[in-house]
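Chemist: With the hints as your guide, set chain B onto chain A.
Going down the list, the sequences are from chains A and B.
Going by this note's numbering, the first sequence opens with residue 614, and the numbers climb by one from there.
Going by this note's numbering, the second sequence opens with residue 2, and the numbers climb by one from there.
There could be a bad hint or two in this list.
Claimed, not checked - Label-pair restraints from in silico Cβ distances:
hint, chain 1, residue 1, chain 2, residue 2, range
1, B, Asn17, A, Ala750, 25 to 35 angstroms
2, A, Lys689, B, Arg193, 51 to 61 angstroms
3, B, Gly116, A, Glu845, 31 to 41 angstroms
4, A, Phe711, B, Gly29, 29 to 39 angstroms
5, B, Ala8, A, Leu728, 53 to 63 angstroms
6, A, Leu872, B, Ala127, 36 to 46 angstroms
7, A, Arg795, B, Leu145, 33 to 43 angstroms
8, B, Ala8, A, Met726, 53 to 63 angstroms
9, A, Glu799, B, Tyr276, 31 to 41 angstroms
10, A, Gly874, B, Asp213, 30 to 40 angstroms
Hint data in this document are derived by calculation from the structure and do not stem from the laboratory.
Virtual Cβ for every residue (Gly too), placed ideally from N, Cα, C.
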Amino acid sequence: MSSIIEIVQLTHIYSPGTPFQVTSLDSISLDIKKGVFFAIIGSTGSGKSTLVRHFNGLLTPTAGKVRVCGIDTADKRQRRNLWRSVGLVFQQPEQQLFEETVFADVAFGPRNMGLTEAEVTERVHEALRLVGLDPLAASRMSPFHLSGGVRRKAAIAGVLALRPQILILDEPTAGLDPQGKRQLMEHVEEFRRREGATIILVTHDMEEVALMAERVAVLNRGRLVMEGSPREIFSRAAELTAIGLDLPAPARLMRQLRLLGKPVRTDVLTVAEAEEEIAVLLGETLC
Amino acid sequence: MDEVFIAVKDLTYIYNRDNAGGYRALSGIDLEVKAGEFLVIAGPNGSGKSTLARLFNAMLKPSGGRVIVAGMDTMIPENVWEIRRRVGMVFQNPDNQIVSSLVEEDAAFGAENLGLPAEEVQKRVAETLRLTGLSQYASHAPHLLSGGQKQKLAIAGVLVMRPSCLVLDEPTSMLDPAGRDELMETLIRLNRTMKVTVVLVTHFMEEAVLADRVVVLSDGRIAISGPPAMVFAEVELLAGIGLKLPAALEIAHGLRKRGFPLPQEILTIYDLLAYFKNKALED
Numbered sequence: 614m615s616s617i618i619e620i621v622q623l624t625h626i627y628s629p630g631t632p633f634q635v636t637s638l639d640s641i642s643l644d645i646k647k648g649v650f651f652a653i654i655g656s657t658g659s660g661k662s663t664l665v666r667h668f669n670g671l672l673t674p675t676a677g678k679v680r681v682c683g684i685d686t687a688d689k690r691q692r693r694n695l696w697r698s699v700g701l702v703f704q705q706p707e708q709q710l711f712e713e714t715v716f717a718d719v720a721f722g723p724r725n726m727g728l729t730e731a732e733v734t735e736r737v738h739e740a741l742r743l744v745g746l747d748p749l750a751a752s753r754m755s756p757f758h759l760s761g762g763v764r765r766k767a768a769i770a771g772v773l774a775l776r777p778q779i780l781i782l783d784e785p786t787a788g789l790d791p792q793g794k795r796q797l798m799e800h801v802e803e804f805r806r807r808e809g810a811t812i813i814l815v816t817h818d819m820e821e822v823a824l825m826a827e828r829v830a831v832l833n834r835g836r837l838v839m840e841g842s843p844r845e846i847f848s849r850a851a852e853l854t855a856i857g858l859d860l861p862a863p864a865r866l867m868r869q870l871r872l873l874g875k876p877v878r879t880d881v882l883t884v885a886e887a888e889e890e891i892a893v894l895l896g897e898t899l900c
Numbered sequence: 002m003d004e005v006f007i008a009v010k011d012l013t014y015i016y017n018r019d020n021a022g023g024y025r026a027l028s029g030i031d032l033e034v035k036a037g038e039f040l041v042i043a044g045p046n047g048s049g050k051s052t053l054a055r056l057f058n059a060m061l062k063p064s065g066g067r068v069i070v071a072g073m074d075t076m077i078p079e080n081v082w083e084i085r086r087r088v089g090m091v092f093q094n095p096d097n098q099i100v101s102s103l104v105e106e107d108a109a110f111g112a113e114n115l116g117l118p119a120e121e122v123q124k125r126v127a128e129t130l131r132l133t134g135l136s137q138y139a140s141h142a143p144h145l146l147s148g149g150q151k152q153k154l155a156i157a158g159v160l161v162m163r164p165s166c167l168v169l170d171e172p173t174s175m176l177d178p179a180g181r182d183e184l185m186e187t188l189i190r191l192n193r194t195m196k197v198t199v200v201l202v203t204h205f206m207e208e209a210v211l212a213d214r215v216v217v218l219s220d221g222r223i224a225i226s227g228p229p230a231m232v233f234a235e236v237e238l239l240a241g242i243g244l245k246l247p248a249a250l251e252i253a254h255g256l257r258k259r260g261f262p263l264p265q266e267i268l269t270i271y272d273l274l275a276y277f278k279n280k281a282l283e284d
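Only chain A is shown next, with the shape it has when bound in the complex (with noise of 0.2 angstroms):
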């Protein structure tokens, strides 16, 4: 598979000059294939959220390349075709929503891509339903008569009717319900298998990194410090520990249950995965 994202040592330092200066990313150098579902973890400060504005040239970097779609974000002319093919979803994106009804708000970005109507609409019935929002409603919704998970599935959708080839969340779920947390990584799935899109994914939830993503990747203090598949991660529990992140609940158990000496695999990722292996510890001592 081909490198959507390539990153070749990569600094940003903000403020640089002034008694301000913080060097928020050091040298970093990630390859994000075509197509994967890719999380970025690591605590608060750690640079999550810097990283992510350079994939759509929101900052170019202090020093290093970021190559994205082939394109150099440095170059200020190639620069602008970014925001059309990368949709950045910000922390609380139910914050940015503005328009009268849910409907208009989604369509706003189409509609700047210069899109006829009948294909302007046809996109945002297509991103309310990937969200799971009903298209006749919305047009009848305001948005800010909504709860808070609605609004956001709203606010999601507008990045999503942009049909863009990279989608980047920043910290999607946070504030949401379990159910609401399930649906839209669902939803977040079926968009990346029907666009054959590149996701992005910046969370604090292992379980969800556990669940969803094929690669990830860990930043500490603006360095990138592992990178992997979540079975290759989660196996390093020492060294996350140490930077303020954690395993997924099951692979905390099964970690425990082999320090008291119970022969079950430590690699567990997933609830039914920690069961299973359960299961057959109590099986053999049951007979």
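Modeler: Just chain B now, kept in the frame of chain A:
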């Protein structure tokens, strides 16, 4: 612990009551928060959790029914000042709750507003920073703190007014795993050692299992209320309203379905581990 601190009687809340598009967020809520209790309010998005939390310190007034805080009705304007001093609120986003450019000044803000003498303010600030584990950051700038530390500063800013009760609306939802643990430890410590009543609104079922009691809201009504072991035994009911069991309970529930007789008291990973430890001793 049987003294009632907040009494909620047949409470209804309707947003935009005067308009045709009025929205009923809460109906027929009866609830008592006991002094010194650690109460969790859980429920899906839009179930009325945040609305209920805001009724506890008179940020919102009931559309019907009553909220009585330490004997004071929140509908009576003369009570509001004292109710807010006794019931402190902490919100989701720590960045929206910090007002000063120094940690100790931020923590002092509430106490200064009470018109206390400078010595008393200093004493209280030192005490609250110690209680929240922030003493070493007293002269730091708040924006350089981690998310968990900022949220603890938000708590310190409230504690300095010596409230009897803290109401927290999803305080951990924007924090990383370490920040979440840190904040929960602080809340439990305040509750156990300082006897502060804690009302925690959360989606994280892992946090709910640590409470004395869990109240689950669904569509503006109380769906179930009781100790965590009792509430989490209602697996189907919880799944029906969109909540998920904590991982340890989900595993235990799955194993029971397969015919393994695991005790109902298992709530956390540590309970599961203790069960295996005891089993090992028996064998």
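Chemist: So, for every hint listed, does it hold in this structure?
Modeler: Results for each hint:
no. : hint                                     : in the structure
1   : B/Asn17 to A/Ala750: 25 to 35 angstroms  : violated, 19 angstroms
2   : A/Lys689 to B/Arg193: 51 to 61 angstroms : holds, 58 angstroms
3   : B/Gly116 to A/Glu845: 31 to 41 angstroms : violated, 58 angstroms
4   : A/Phe711 to B/Gly29: 29 to 39 angstroms  : holds, 36 angstroms
5   : B/Ala8 to A/Leu728: 53 to 63 angstroms   : holds, 57 angstroms
6   : A/Leu872 to B/Ala127: 36 to 46 angstroms : holds, 40 angstroms
7   : A/Arg795 to B/Leu145: 33 to 43 angstroms : holds, 35 angstroms
8   : B/Ala8 to A/Met726: 53 to 63 angstroms   : holds, 56 angstroms
9   : A/Glu799 to B/Tyr276: 31 to 41 angstroms : holds, 33 angstroms
10  : A/Gly874 to B/Asp213: 30 to 40 angstroms : holds, 34 angstroms
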